[in-house]
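Given chain A, work out where chains B, C and D should sit, using these hints.
In order, the protein sequences belong to chains A, B, C and D. Residues 1 to 138 in the numbering used here are what the first sequence spells out, letter by letter. Residues 1 to 138 in the numbering used here are what the second sequence spells out, letter by letter. Residues 1 to 138 in the numbering used here are what the third sequence spells out, letter by letter. Residues 1 to 138 in the numbering used here are what the fourth sequence spells out, letter by letter.
Warning: the hint list may mix true and false statements.
[Claimed, not checked] Sample of chain C residues at the chain B side, in silico, Cβ under 7 Å: (1) M42; (2) V46; (3) L47; (4) G48; (5) D51; (6) G55; (7) E84; (8) G89; (9) P92; (10) F93.
No lab work stands behind these hints, which were simulated from the structure alone. Note that the Cβ used here is the ideal one computed from N, Cα and C, for glycine as well.
There are 4 protein chains.
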Amino acid sequence: MITIAEARRIIAAGEARANEIGVPVNIAVLDAGAHLKAFSRMDGAVLGSIDLAMGKARTAVLFQTTSEAVWEYCKPGAPAHALELSNGGLAPFAGGISLFARDGTVIGAVGVSGGAVPQDLEIAQAAAAAAARRCADT
Amino acid sequence: MITIAEARRIIAAGEARANEIGVPVNIAVLDAGAHLKAFSRMDGAVLGSIDLAMGKARTAVLFQTTSEAVWEYCKPGAPAHALELSNGGLAPFAGGISLFARDGTVIGAVGVSGGAVPQDLEIAQAAAAAAARRCADT
Amino acid sequence: MITIAEARRIIAAGEARANEIGVPVNIAVLDAGAHLKAFSRMDGAVLGSIDLAMGKARTAVLFQTTSEAVWEYCKPGAPAHALELSNGGLAPFAGGISLFARDGTVIGAVGVSGGAVPQDLEIAQAAAAAAARRCADT
Amino acid sequence: MITIAEARRIIAAGEARANEIGVPVNIAVLDAGAHLKAFSRMDGAVLGSIDLAMGKARTAVLFQTTSEAVWEYCKPGAPAHALELSNGGLAPFAGGISLFARDGTVIGAVGVSGGAVPQDLEIAQAAAAAAARRCADT
Numbered sequence: 001m002i003t004i005a006e007a008r009r010i011i012a013a014g015e016a017r018a019n020e021i022g023v024p025v026n027i028a029v030l031d032a033g034a035h036l037k038a039f040s041r042m043d044g045a046v047l048g049s050i051d052l053a054m055g056k057a058r059t060a061v062l063f064q065t066t067s068e069a070v071w072e073y074c075k076p077g078a079p080a081h082a083l084e085l086s087n088g089g090l091a092p093f094a095g096g097i098s099l100f101a102r103d104g105t106v107i108g109a110v111g112v113s114g115g116a117v118p119q120d121l122e123i124a125q126a127a128a129a130a131a132a133r134r135c136a137d138t
Numbered sequence: 001m002i003t004i005a006e007a008r009r010i011i012a013a014g015e016a017r018a019n020e021i022g023v024p025v026n027i028a029v030l031d032a033g034a035h036l037k038a039f040s041r042m043d044g045a046v047l048g049s050i051d052l053a054m055g056k057a058r059t060a061v062l063f064q065t066t067s068e069a070v071w072e073y074c075k076p077g078a079p080a081h082a083l084e085l086s087n088g089g090l091a092p093f094a095g096g097i098s099l100f101a102r103d104g105t106v107i108g109a110v111g112v113s114g115g116a117v118p119q120d121l122e123i124a125q126a127a128a129a130a131a132a133r134r135c136a137d138t
Numbered sequence: 001m002i003t004i005a006e007a008r009r010i011i012a013a014g015e016a017r018a019n020e021i022g023v024p025v026n027i028a029v030l031d032a033g034a035h036l037k038a039f040s041r042m043d044g045a046v047l048g049s050i051d052l053a054m055g056k057a058r059t060a061v062l063f064q065t066t067s068e069a070v071w072e073y074c075k076p077g078a079p080a081h082a083l084e085l086s087n088g089g090l091a092p093f094a095g096g097i098s099l100f101a102r103d104g105t106v107i108g109a110v111g112v113s114g115g116a117v118p119q120d121l122e123i124a125q126a127a128a129a130a131a132a133r134r135c136a137d138t
Numbered sequence: 001m002i003t004i005a006e007a008r009r010i011i012a013a014g015e016a017r018a019n020e021i022g023v024p025v026n027i028a029v030l031d032a033g034a035h036l037k038a039f040s041r042m043d044g045a046v047l048g049s050i051d052l053a054m055g056k057a058r059t060a061v062l063f064q065t066t067s068e069a070v071w072e073y074c075k076p077g078a079p080a081h082a083l084e085l086s087n088g089g090l091a092p093f094a095g096g097i098s099l100f101a102r103d104g105t106v107i108g109a110v111g112v113s114g115g116a117v118p119q120d121l122e123i124a125q126a127a128a129a130a131a132a133r134r135c136a137d138t
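Same shape as in the complex, but just chain A (with noise of 0.2 Å):
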């Protein structure tokens, strides 16, 4: 279970993240159910990122993975055809990261949408690692 503390702890944990390479973005934290614990849009951020800031969180937590590896299953090749059509829509690209505990039980997700692909992803890391770190140490 993800608590709204946390939450806010991983949405101050990627924002700092944003703020160091200059990059307003939206982030997203799903609980284990897929359902919005908390959302943050930073001053500057493009409305068209709040959809897919939660998009990404929403497909990672469904598979209970990263929101890219969901491509891997849909890409052209792979036989998971139009997977991502599935769900009303996914957003398998990087950017969303799943949240687990301890025990392995996943807790929720983050989504970060706003800046390039690669920063995005960069700022989920970060985000993601505060609940790590929370994880780690109780």
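For chains B, C and D alone, coordinates are given in the frame of chain A:
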């Protein structure tokens, strides 16, 4: 224009009141174009209220009023029959409040859901007052 | 068939009346197939009325009548229960008026939203009269 | 903020170019929040392009760029796979152009559809130039 800093102040003020009365709620802050700026789901708030918190705020800001004021136009006997079906579905009951700058322009809205309707209203008013104080001080 | 020139005359006539009574509104003109021909949002008109202006015009033209006449079929006690849920959601209150050629064929509809319902109706009637005059003169 | 007067100048400039090259098109002008401000369907423009004109403008303004620039992020080989499925479906091809104030803030977008893609682009550029001239003169 609403900043992420003031969106967080609005949410914090709402959550402080929610804690006082012991009701976990969802709080959404939208900008003037009805796009999500910040969202928080307090621990224990019901899932069905995520959409309602956003819906009340959207109902308020789309008509530059409160969510319950929209009901005055579409309630039985009022002339705007089925108005609540417009705009993808409205949430015309208390808990959504438009926020205005001192010059009267709408800057967004806050929406609260998770308690009884009068509780949601009380929390939304506390949240909106945080925005009003900021406007008054600026 | 409705031309863009007459759609603009219809909108101009509606906006002239809206300016006289000091109410900024949204005005939509649809063709006989319920497809948008022209739209105008006056400065200051609320965002929630964009969908309503289109919805009233759509409600009118789909049934070749006025938007409020549709309510007579679905209001409590009338036999067409939940008719307002059909066609993706209707807007069965005043402000939508079908437009007819002199031979009686429907050529489209105008929809107005942004003021009180009687104001929207008055503006829609002024707008529709511009079409009617054209028809009478042709 | 985009006014109805400038939205009409933008559409008029686009239609003037469309008439020069003999292609009837749909032209949509959105505000910065992606809400419709004005729309015009020239006589003879195909129905399927109503949604496309709005969709291109929406695609542009949501990402504060041009509609075709969005394709650079999601085309085969680019990292944002299936980005076009986000935000309710994008229209990532030429004909949508974001409009900016002189201080760089986005004020909306224009979208054109009805001709071949290069024609739509040419008309959209003529339309957007009318906004740019206004900005430059103010």
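The hints, checked one at a time:
no.	hint	result
1	M42	14 Å, violated
2	V46	5 Å, holds
3	L47	5 Å, holds
4	G48	3 Å, holds
5	D51	5 Å, holds
6	G55	6 Å, holds
7	E84	4 Å, holds
8	G89	4 Å, holds
9	P92	5 Å, holds
10	F93	5 Å, holds
Checked against the numbered hints given earlier, the structure breaks only hint 1 and satisfies all the rest.
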